[in-house]
Amino acid sequence: MQAEAIMTTPVVTVGPGASIADAAELRLARKIGCLPVVRDDGTVAGIISEGDFLRRQELGTQRVRPRWLEFVVGPGKLANEYVLASGRRVDEVMTGQVVSAPPGASLAEIVGLMTENKIKNVPIVQAGKLVGIVTRTDLLRALLCVLPKSGATTADDDSIRKNVLAELKRQAWSNGGLIGVSVDRGTVELSGAIFDERQRKAAVVAAENVAGVKAVKDSLFCAGPLSVVLVS
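Quick note, the sequence shown lines up with residues 1 to 232 if you use our numbering.
By construction, these hints were calculated from the structure, which means they are not laboratory data.
It is possible that some hints are incorrect.
[Stated by the list, open to error] Computed spacing ranges between beta-carbons, pair by pair:
hint, residue 1, residue 2, range
1, Q97, W173, 37 to 45 Å
2, A223, A166, 22 to 30 Å
3, A215, T61, 46 to 54 Å
[As the list claims (entries may be wrong)] With a Cα cut of at most 20 Å, we get these calculated PhoX-like pairs of lysine-lysine:
hint, residue 1, residue 2
4, K169, K201
5, K162, K217
6, K169, K149
7, K169, K217
Virtual Cβ for every residue (Gly too), placed ideally from N, Cα, C.
Based on the sequences and whatever the hints tell you, model everything.
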């Protein structure tokens with residue numbers, strides 16, 4: 001699935017010359033997390049989000065340092081912080097370096113950008129112009145569309161058992177064939193040994209994701225970490 005399939009469009013935007021008050025009111029009225037800043041020609045100038053409103057002089061939340069540290073930090077950084085805390089226009093406080101993606105970007109690429117850059121929204125840009133935006137809410141909607149519906153699929157017990165075993169075999173954490181699987185009218189029972197409690201939940205999840213499984217019974221035994229004794 002690609003970004004263009006799930007992105008929100010049209011996008012609520014704000015101009016670079018808009019006031020901070022206008023941007024804040026727009027965000028609250030539309031209940032959105034961020035506002036792409038777009039020039040008259042449709043190109044992206046920046047983005048303004050909750051973080052850009054955190055350290056404001058009006059709230060008394062601007063960054064304050066001891067005098068000695070101000071000397072170390074230098075006038076350039078201090079001047080930039082003053083603008084962010086006291087600026088009146090969007091172009092004075094916005095984030096200018098926008099992390100964006102093309103319409104054909106995969107969802108894996110979008111999530112990668114969000115994770116690596118610690119952001120919640122990725123503007124979608126084509127030929128330099130904003131065409132959409134992918135938010136975490138868009139990803140949640142996409143997930144909901146592809147999640148299997150409970151009880152939507154049926155399968156015989158033998159097929160379920162084979163499929164659960166196959167799924168476990170594909171996973172490096174499953175200890176090969178140490179986890180046993182039995183199935184009775186769609187209810188899977190997991191037995192055998194695991195060596196880390198985190199494997200228990202993973203095994204249950206692996207079984208739950210097999211088509212036709214109605215319930216999973218956990219009868220796994222945790223033997224603790226493997227110990228190897230060398231005999232000389």
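Taking the hints in turn, this is what the structure says about them:
1. The beta-carbon spacing between Q97 and W173, approximately 39 Å, falls within the hinted interval of 37 to 45 Å.
2. At roughly 24 Å, the beta carbons of A223 and A166 sit within the given window of 22 to 30 Å.
3. Checked against the hint of 46 to 54 Å, the pair A215 and T61 passes, with Cβ atoms roughly 51 Å apart.
4. Of the supplied pair hints, the one linking K169 and K201 holds, its CA atoms being roughly 16 Å apart against a limit of 20 Å.
5. A threshold of 20 Å between alpha carbons decides the hint, and for K162 with K217 the separation of about 17 Å falls inside it, so the pair holds.
6. A distance of roughly 25 Å separates the Cα atoms of K169 and K149; the hinted pair therefore is violated under the 20 Å criterion.
7. As the CA atoms of K169 and K217 are separated by approximately 19 Å, the hinted pair is consistent with the 20 Å bound.
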